[in-house]
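A.B. asks: Sequence:
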Amino acid sequence: MQNDNKNKKHANTEAQKKNETQKSENSEVAHLKQKIEDLENQVKRIFADYQNLEKRVAQERKEWLIKANKDLILRLLPALDFLLLSSKHLEDEGLKLSVQKFFDILKTEGLEKIETQGKEFDPNLMEGIKTAAGDENKVMEELRAGFKIGDQVLRPAQVAVGKKETN
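In this text, residue positions in the sequence shown follow the working numbering: the first is 906, and each later residue adds one.
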């Protein structure tokens, strides 16, 4: 009987040890699963941060190029004005082709002419230099071309704005 009690105690001790080992292993597994989940979340955050960095660097590069182009184009605009004015008054096919080629090159760098003729006067894009008889607040004549790159106005167009004459 004493042997039986010893065996039962030994079996209980063995069962307790197994149970404690099982609990310890379960706890370790749960801890490792949590650690894996934390690391996966950290990797996701790092990847998202990296993607955001790539986007920001690309945007900054684009803005830098626009600024560099803007500075150069601003220095070239007086020459373009002169060529546009000359082509209006001279019937020279070579001059017109040169003006078109010059303008095409500037277009590839993002330059856009602000369209004004017959449009509603927009103080964000145009500078009213004088008034002329015509429809109220409509552009009657473009005196100097305006240009923009994207949404940024490089130089507003100088225009004559229509004003109804009162008798």
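Any given hint might turn out to be false.
[To be verified] Computed cross-link-like contacts, DSS-like style, restricted to lysine-lysine with a CA-CA straight-line distance of at most 25 Å: (1) Lys922 - Lys972; (2) Lys1053 - Lys1069; (3) Lys922 - Lys975; (4) Lys928 - Lys975; (5) Lys972 - Lys993; (6) Lys1053 - Lys1035; (7) Lys1035 - Lys1018; (8) Lys1053 - Lys1024.
In case anyone wonders, no lab produced these hints; they're calculated from the structure.
A.B. asks: Would the pair Lys928 and Lys975 pass a check requiring their Cα atoms to be no farther apart than 25 Å?
C.D. replies: 69 Å, violated
A.B. asks: For the pair we were handed, Lys922 and Lys975, check the Cα-Cα distance against 25 Å.
C.D. replies: 78 Å, violated
A.B. asks: Given the hinted pair Lys1053 and Lys1069, is their alpha-carbon gap at most 25 Å?
C.D. replies: Violated, at about 30 Å.
A.B. asks: Check whether the Cα positions of Lys922 and Lys972 lie no farther apart than 25 Å.
C.D. replies: 73 Å, violated
A.B. asks: Measure nothing beyond the straight line between the CA atoms of Lys1035 and Lys1018; if it is 25 Å or shorter, mark the hint as holding.
C.D. replies: Measuring from Cα to Cα gives roughly 21 Å; hence the hint holds.
A.B. asks: Within 25 Å, alpha carbon to alpha carbon, are Lys1053 and Lys1024?
C.D. replies: 17 Å, holds
A.B. asks: Would the hint linking Lys1053 and Lys1035 be met if the CA-CA limit is 25 Å?
C.D. replies: 22 Å, holds
A.B. asks: Lys972 and Lys993 were given as a pair; does the straight-line alpha-carbon distance stay at or below 25 Å?
C.D. replies: 30 Å, violated
Hint violations for this structure: numbers 1, 2, 3, 4 and 5, all remaining hints satisfied.
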